[in-house]
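Let's have the full structure, built from the sequences with the hints guiding it.
Line by line, the protein sequences are chains A and B.
Residues in the first sequence are numbered from 2 upward in steps of one, following this note's numbering.
Residues in the second sequence are numbered from 2 upward in steps of one, following this note's numbering.
Note that these hints are calculated values from the structure, not bench results.
Incorrect hints may have been included.
Same chains, same label: a pair holds when it works inside one copy or across any pair of copies.
Said to hold, decoys possible - Listed below are the simulated SDA-like cross-link pairs for lysine to any residue, each with C-alpha atoms no more than 25 Å apart in a straight line:
no., residue 1, residue 2
1, K235, I48
2, K209, D165
3, K209, Q242
4, K292, S268
5, K158, E206
6, K158, G126
There are 2 protein chains.
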Amino acid sequence: MTTVAFIGLGNMGGPMAANLAKAGFNVRAFDLSAQALETAKSQGCEIAATASEAATDADFVISMLPAGKHVRGLYVDGDAPLFEVIKPSALVIDCSTIDADTARQVAAAGAEKGIGFVDAPVSGGVGGAQAGTLTFIVGGSEAQFAQAQPVLQAMGKNIFHAGDHGAGQVAKVCNNMLLSILMAGTCEAINMGVKNGLDPAVLSEIMKQSSGGNWALNVYNPYPGVMENAPASKGYQGGFQVDLMIKDLGLAMDVSQQSASPVPMGSAARSLFTLHKAGGNGKLDFSSLLKLYQDKSE
Amino acid sequence: MTTVAFIGLGNMGGPMAANLAKAGFNVRAFDLSAQALETAKSQGCEIAATASEAATDADFVISMLPAGKHVRGLYVDGDAPLFEVIKPSALVIDCSTIDADTARQVAAAGAEKGIGFVDAPVSGGVGGAQAGTLTFIVGGSEAQFAQAQPVLQAMGKNIFHAGDHGAGQVAKVCNNMLLSILMAGTCEAINMGVKNGLDPAVLSEIMKQSSGGNWALNVYNPYPGVMENAPASKGYQGGFQVDLMIKDLGLAMDVSQQSASPVPMGSAARSLFTLHKAGGNGKLDFSSLLKLYQDKSE
Numbered sequence: 002m003t004t005v006a007f008i009g010l011g012n013m014g015g016p017m018a019a020n021l022a023k024a025g026f027n028v029r030a031f032d033l034s035a036q037a038l039e040t041a042k043s044q045g046c047e048i049a050a051t052a053s054e055a056a057t058d059a060d061f062v063i064s065m066l067p068a069g070k071h072v073r074g075l076y077v078d079g080d081a082p083l084f085e086v087i088k089p090s091a092l093v094i095d096c097s098t099i100d101a102d103t104a105r106q107v108a109a110a111g112a113e114k115g116i117g118f119v120d121a122p123v124s125g126g127v128g129g130a131q132a133g134t135l136t137f138i139v140g141g142s143e144a145q146f147a148q149a150q151p152v153l154q155a156m157g158k159n160i161f162h163a164g165d166h167g168a169g170q171v172a173k174v175c176n177n178m179l180l181s182i183l184m185a186g187t188c189e190a191i192n193m194g195v196k197n198g199l200d201p202a203v204l205s206e207i208m209k210q211s212s213g214g215n216w217a218l219n220v221y222n223p224y225p226g227v228m229e230n231a232p233a234s235k236g237y238q239g240g241f242q243v244d245l246m247i248k249d250l251g252l253a254m255d256v257s258q259q260s261a262s263p264v265p266m267g268s269a270a271r272s273l274f275t276l277h278k279a280g281g282n283g284k285l286d287f288s289s290l291l292k293l294y295q296d297k298s299e
Numbered sequence: 002m003t004t005v006a007f008i009g010l011g012n013m014g015g016p017m018a019a020n021l022a023k024a025g026f027n028v029r030a031f032d033l034s035a036q037a038l039e040t041a042k043s044q045g046c047e048i049a050a051t052a053s054e055a056a057t058d059a060d061f062v063i064s065m066l067p068a069g070k071h072v073r074g075l076y077v078d079g080d081a082p083l084f085e086v087i088k089p090s091a092l093v094i095d096c097s098t099i100d101a102d103t104a105r106q107v108a109a110a111g112a113e114k115g116i117g118f119v120d121a122p123v124s125g126g127v128g129g130a131q132a133g134t135l136t137f138i139v140g141g142s143e144a145q146f147a148q149a150q151p152v153l154q155a156m157g158k159n160i161f162h163a164g165d166h167g168a169g170q171v172a173k174v175c176n177n178m179l180l181s182i183l184m185a186g187t188c189e190a191i192n193m194g195v196k197n198g199l200d201p202a203v204l205s206e207i208m209k210q211s212s213g214g215n216w217a218l219n220v221y222n223p224y225p226g227v228m229e230n231a232p233a234s235k236g237y238q239g240g241f242q243v244d245l246m247i248k249d250l251g252l253a254m255d256v257s258q259q260s261a262s263p264v265p266m267g268s269a270a271r272s273l274f275t276l277h278k279a280g281g282n283g284k285l286d287f288s289s290l291l292k293l294y295q296d297k298s299e
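The following block contains the structure:
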């Protein structure tokens with residue numbers, strides 16, 4: 002039986018670990034939160050007292066952590082670095098969204114000990130994590146990508162090989178920067194049309210079928226009432242928080258700075274989402290950016 | 002037999018008139034260019050000595066002109082305003098991309114004489130005009146929209162009713178502003194990915210199937226070689242010129258200004274396309290904006 006250690010059982014990691022257990026993997030879960038561990042246990046995971054206990058002798062080690070420093074601390078330079086206990090034939094799959102440099106450095110540190118490491122950030126949100134329909138964007142060798150397949154398929158639907166180590170993080174950050182741009186542009190275009198007398202649903206349909214067509218118009222319309230199941234029609238609850246988009250745009254700015262890549266549109270989008278957060282909207286779904294554009298009473 | 006007067010036989014109007022003649026309409030064509038008239042004649046149109054001669058007794062009058070002042074001059078306040086000669090049961094279909102205010106004013110001037118007028122700007126470019134697959138975005142009453150159908154169907158594929166007079170122009174300008182934003186964002190994201198070691202085709206495919214998906218990635222990839230038939234793979238020849246995008250973004254800025262609609266992303270995109278034009282690229286396809294982002298040798 003294949004043993005998978007799963008470190009980090011938050012809103013994303015919790016349901017991902019549960020899907021692995023449901024698919025028949027022997028999942029050894031660890032988190033700092035006792036409540037998260039209880040939930041994991043009720044969903045068929047073994048629970049471990051420490052990350053080291055979870056990772057020892059595991060065939061795969063998956064991590065889902067907030068930022069690069071946590072990933073580096075867990076594997077390389079924390080109190081009990083997992084690269085000291087993971088067996089050489091195992092593969093580490095880090096699903097955290099972190100900076101590409103850290104991903105490359107941790108991969109290199111693993112390689113020194115003969116341990117494989119891929120970056121495999123996800124998109125698809127909490128809903129995708131629960132439904133097992135996440136998208137994984139993987140950076141690593143062809144052999145490592147092949148090795149990761151059975152585990153990733155138990156948690157996701159689309160699994161892409163972006164390139165070598167770090168490429169998964171770069172591709173994710175490019176995608177999410179583009180997403181921020183097209184969501185801001187969509188909010189802006191719909192708002193201008195509505196202020197000029199157009200029906201938001203009619204205008205959305207025209208643009209969706211024309212050259213303005215994009216993911217937001219297809220599945221995530223930011224105007225309340227146009228799309229029944231979109232966060233916009235549920236008070237902008239659920240979905241992908243403004244705070245998380247701002248985190249990803251910060252990573253995009255880092256990549257831009259390190260590589261001297263011009264990002265005028267991404268920078269503008271980042272400013273808009275940050276203005277929107279300053280207005281007290283950090284916990285709302287990111288499509289609530291529409292509210293920043295709309296007229297308030299004077 | 003239904004007679005259609007067609008005024009303005011440029012790169013777009015010429016093939017549109019030819020498609021009407023091919024569909025069996027009696028087309029009376031007029032243009033200031035003798036050569037355009039010759040071409041129209043060879044494609045089955047009657048040619049008229051003046052716009053008034055073409056429009057007198059016609060069932061439909063179609064115009065395809067560069068800007069609002071030309072449309073107003075043709076119908077309302079020029080030397081020989083067509084509203085003096087068009088019969089009241091006729092419908093005027095103005096396919097020019099002009100400002101919404103002029104469209105509304107000309108519609109009102111027509112209504113005073115009992116002549117119907119709809120704004121019906123197109124998208125789909127010269128290729129769409131030739132193939133008869135244009136998109137028409139129509140502003141006018143329900144009855145006028147219905148009346149225009151047989152004529153528009155002979156020239157286009159998707160025919161949308163955006164709303165009342167002027168709504169066609171507003172919807173087109175919203176769409177094209179959004180298009181400029183998503184093209185700039187797509188150029189920016191691909192360029193940053195490539196500078197960080199990713200393959201442009203692999204990154205494009207990942208974003209296309211993820212939340213960065215948009216029309217440019219689907220049918221108009223700006224990176225040379227990714228999409229065989231896109232202008233990017235043909236030296237950015239053909240397609241939709243930077244100069245025309247800048248014209249449409251100027252109209253978007255007018256709509257924004259008149260309605261106090263905030264357009265930070267559209268303004269940023271307009272600045273980028275204008276910088277690109279300043280670099281001597283006004284006649285290239287608009288996806289050539291990628292070149293503005295790419296490194297040149299120092």
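Task: Unsatisfied constraints (hint numbers, rising) - done: As far as the earlier hints go, only 1 is violated by this structure.
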